[in-house]
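Visitor: Residue numbers (the working numbering), protein chains in the order written: chain A, 1 to 220; chain B, 1001 to 1260.
No lab work stands behind these hints, which were simulated from the structure alone.
Covered by chain A, per the in silico footprint, the following chain B stretches (three or more residues, Cβ under 8 Å): (1) 1091–1097; (2) 1106–1112; (3) 1151–1161.
The beta-carbon is built from N, C-alpha and C at its ideal position, and this holds for glycine as well.
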Amino acid sequence: MIYHAIWNNLPYLAEGTAITIALTVVLLTTGVVVGTTLGLAQSYGAWPLRWGATLIERLFRAIPAVVLLFLFYYGISGFYDISSFSAAALALGLRSAAYQSQIFRGAIASVPSGQMAAARAIGLSRPRAIVDIVLPQALRQAIGPWTNEALSELKDTSLAYTIGVVELMRQADYIVSANYGHTLAVYSAAAAVYLLLSLAATWLLGRADARLRVPGFAHS
Amino acid sequence: MNGSKDLMRVSGLQKRFDNKTVVNDVSFTLAPGEIKGIIGPSGAGKSTLIRCLNGLEPVDGGQVWLDDIELTARRADLDALRARIGFVFQDFNLFTHLTVRRNVTLGLIRVKKMSRRDAETVAERELARVGLANKLDAYPAELSGGQQQRVSIARALAMEPELMLFDEPTSALDPQSVGSVLRVMRQLVAEGMTMIIVSHEMAFIEAVADDVLFMVDGAIVEEGSAKQIFHHPEQQATRAFIDGIAAAMVGDIENQATSA
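Between the sequences and the hints, there should be enough to build the whole structure, so can you do that?
Guide: In structure tokens:
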């Protein structure tokens, strides 16, 4: 019976898993793009940029994820027809950007100032030196903490359930409602999927880390 | 006056950190082919001064001219000027994420707009010149300090600079490595390179410098030929410094003798 509850509903769990993966990828991409921009603005920007970036960062780190989800979905749907998936990607993506900006800012700060000086000394412009010298080193330093952030966001996609995104958690919930029970088994199946996804992501990012490894570069 | 002949002119240079004056009214000229040594006690402002000469430190007063271009002008194209001035750092500052080869080719490709192939030819030539043709694919962390410093000299030379600035190039090296770096620098002397060298290697400065600046507390106390500064200093402070070093060296030798 229990096995049937899981087995017969595997397609639904798979569908939910696909949405969970898609949401994670979209929100992390948003987070990387916005997060590096914020991190660069905080590291190199003139003071208005620096302040602006810091304000955005503090704001998105201070507001609880569920409040952000409600703001971006119910708040925006008042004047624009936003899908719950887009609202979730935006809310969680911007929140992740705020956390990622601190990872990137720290990684940029960890690159010794002599690297920038040496780059400028051979005639590279400041932006060129940032792109060619500072960022490649900073991003390598960032992979470790970024992996933690990615895993934490993967799990936080389950919060999108609250605004009706039919991801893994909501599919599990549907299955429980339709089967009058097997609560433990169904939620355990969902938990197992999150575990597998986490292991896969860790493995994938570990491979990226190994591939980018350079002798003498200390990694966390 | 004789400005058109000088490769570099420095006039009334001032640099402050917070309220402390680190470089105080420094002026000198540098002729093409000249080798100028800058010596003085730690904290005299030698490194800050040399970093002002290619704009790595913005100045608070005075001017630096390279040929007829004022490097300290508000609108100076510093990137273009720096490409003409080689700079060697005390702690090498090789790009840690790049191979030795890419350390040397980067400036050629990005600044001189050379093709990758041409840049690699130049890199191989320059690295052979400093005796590291076999380290092209190594990363900086895989090299000794002396090897890293020689790569950093090759990186600077590849840009075909008109002038090389050395900021204590051997201070971070173990005694065995010092010799290999000084050999490369002697070779440059022989080739007629124009150089300004901040160093504590007094014997080397005495041997190669045409002109020596002795600095204390940010100011030039005495300028003269190596012979004058090291053997017939006119200023009491210079004499005390040179004698102090001589005494320290004798002390070292005596220590080695007693510990042996």
